[in-house]
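K.L.:
These are the residues of each chain, in order.
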Amino acid sequence: MSIDMEQFHEVFFEESLEGLDVMEQALLIIGQSNDPEVINTIFRAAHSIKGGSGTFGFGDVANFTHVLETLLDEARDGKRELNEECIELLLRSCDCLRGMFTALQAKETPNLYQSIELIAAFERILGATDKTVNTVQADAVTQTSQAGSGPMLSQNSKNDANTSSGTDNKVTKHWQIKFVPEPQILLAGNEPLRLFRELAALGDLATSADISEVPNFADLTVDECFIRWDLELSNSSASKEDILEVFDWVIDECTLDIQLVGDNTSTQDNAMTSEPFEVPSVDIENMLTTNTEEPEQQFAGADKKAAPEIRAPRSDKNTHPSSSSSIRVGIDKVDSLINLVGELVITQSMLSELGNNFDMTKLERLFHGLEQLLQNTKELQESVMRIRMLPISFAFNRFPRMVRDVAIQIDKKVELVILGENTELDKTVMEKITDPLVHLVRNAIDHGIETPEERIRKGKPEQGCIRLDAHHQGGNVVIEVSDDGKGLNTLIIRNKAIEKGLIDSNEQLSDNEIYDLLFQPGFSTAAQVSDISGRGVGMDVVKRNIKSLGGRIVVQSKVDVGTTIKVHLPLTLAILDGQLVRVGQQVFIIPLITIVESLQVKPELVNRVSGDMVMYRLREDNVPIIYLYKEFDISADNTDIDNALLVVVESDGQKIGLLVDDLLAQQQVVIKSLESNYKRIEGISGATILGDGSVSMILDIPGLITASCRRSNVKRQFKVA
Amino acid sequence: MAQILIVDDSASMRNMVATTLKSAGHQVTDAPDGQAGLNKAKSSKFDVIVTDLNMPIMNGIDLVRNLRALANYKYTPILLLTTESSMDKKSEGKAAGATGWLVKPFNPDKLLATVARVIG
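Chains A and B, in that order, give the protein sequences.
Take 753 as the starting number for the first sequence in our numbering and just add one per residue.
Take 427 as the starting number for the second sequence in our numbering and just add one per residue.
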């Protein structure tokens, strides 16, 4: 049989890594949940990994998960409570297994230090309640004698040795087997004939059936078996174990008597095995246990040799496999793709049939067909793009675990709130944003959240709160990391920056400029460098990474209220529903989602507040008007506000009116990053290429709004001065 | 050659068992949990059923019990995929009416030999 097992490995790795994620999530909620399904889920994950790794030949993983499973099995049966220590160990096991799988995936030999250490820890726990487990691990000899059937076991292994070496000597044994099945044996699909066929493969078999117990025909139940058999197995090299294996499945449903009546092998062996032997099922269990415990004994031995100081390098790389080139796509997305391709094929065949004998009477059908083609293409494009988009939960999922670990490590109490985990983000962006987010969250716990005592003193709840919130805002995805901790102290940051020589002592800086110092290389305010953050090499890397994605960071903070760090990320590959508008010769795109309404300006509702600032009265709101032609310094058909076209857009609850010359079509556009092709321009979030090949700018509505607000504020300040 | 139903929640295990059995010329259908397996068993007739024990929705023991209650599957060989640690599961499985078991880890040869054993 030559089945290449390697073909199943990749699926197994993916499935196991997924199983570990599921296990980890369940472990994080098991403390608060009484749902038995939670522990079942954890058990199932460990169990599947163990079964698979054994079958696919990853013995180290199988050995490790076996110990996990033993503990989980006890927990599942209610024999053991999973305390904090167990949960911690199990979580570390998830990490360890992830590391092992990552190594195996890369066809490397996994590092076993951590797993050996964890196995030892689990065995200590298991041993505390069940002494025999430890004994079994530590000493095979003790175990066999304890089990009471020690002689039989060792004799069996001797027998095995004899049979294998004995094949040369032509071993011929003669066995007498009395087989008395219980009547219901047939009900489980076990056919005595099958058993005899297997026995016959071990040597020469003679059977004789005893039908004395078979009832009269009238009383006969067809489902039941009343025949007993006397079997003679001669010219056989089979050991008793081999024979027992044949009867393995029916051992509980029969009386079996196996006797060796003739043997030309060593007399010592003969003497031991020739005693009549009623098979108790316990013996088989012990045999099986001994067999399977072997690898762990080796482990226990290795454990003793391994110095306790040896730890696996605790690297975060272990916890997430190197970016794989594959992508997991929901079946619904693939189905919709297949559907669309099907429709495209139909349209195509319709059009080609039309083209074969075309005349002007079919013109309308041609237009109809082209329309359909357009629709198909659009949907197909949308569908393909959506495949690359993943819910941000892929990146967020790791945080519950991380927050828990970090909080425990530094004795803080932290609750994590995750919002908007279904916000979709391009896979590449997601991969690159994960590490910066980890850093921001760690910082928030370490620097932001106060110790429980300090929080109580400040009258805050003892437990701090970290909030992760993802949402769309215009063409951006915004991820907010906020805490309700002590906030940023501008004075301390300022002094630190002066001390580090980053700024001059007499430099005047706004709060925002001071916050920006946090992202300077070599800046750290932590009084003591901790394990978690504060080496001063982080925030600058965070900023650099986010910038490289074309994103930006905004910091908001209030002393003793908390800090919010907003990461704005462009959807570089996203498709946007846009409204095309014309200003002079230029076509701009306004994200459809931001548009509130479009209207013809009524002169009586225009309100010139002061100087350049023009407001438009829209029901209860006063909406500032932005002249796009002025904003981008281009010429327009219409520079007069009266009777002009106004597109009212909204972002963050703030409305503005954009003055345009004409409203054109609405269409989906593919956003191309302006930053990566040119540079960032205020008021523009990206560009796209229109159907006629011309480039069109996509307006950054939130950017325009902030710019307009800033201008009006600046002016006001000037007036005050 | 036999019609075989394989029920396991692990895709890699299903895949492995199915590929192995197909290579020996068997017809294989698979299902990811006991309930799905039971539905498939009801809608067509299988000569052998190979099932995992620990599965979501319906576990292997319940599947065996449900299958044995069907007239079509009264004597059909049902093999349990178990790990060596679940001895009591084996007896529980036997009590539910399983024919026998395959102890994980197993290799393709062992699987084929065991299946051959029950189809005779």
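These are calculated hints, taken from the structure and not from any lab test.
One should not assume that every hint holds.
Claimed, not checked - A partial selection of chain B residues facing chain A, derived with a Cβ cut-off under 7 Å:
id: 1; residue: Asn480
id: 2; residue: Tyr501
id: 3; residue: Pro531
Just so it is clear, CB atoms sit at the ideal spot from N, CA and C, and this is done for glycine as well.
K.L.:
Which of the numbered hints above does this structure break?
P.N.:
Result: no hint breaks.
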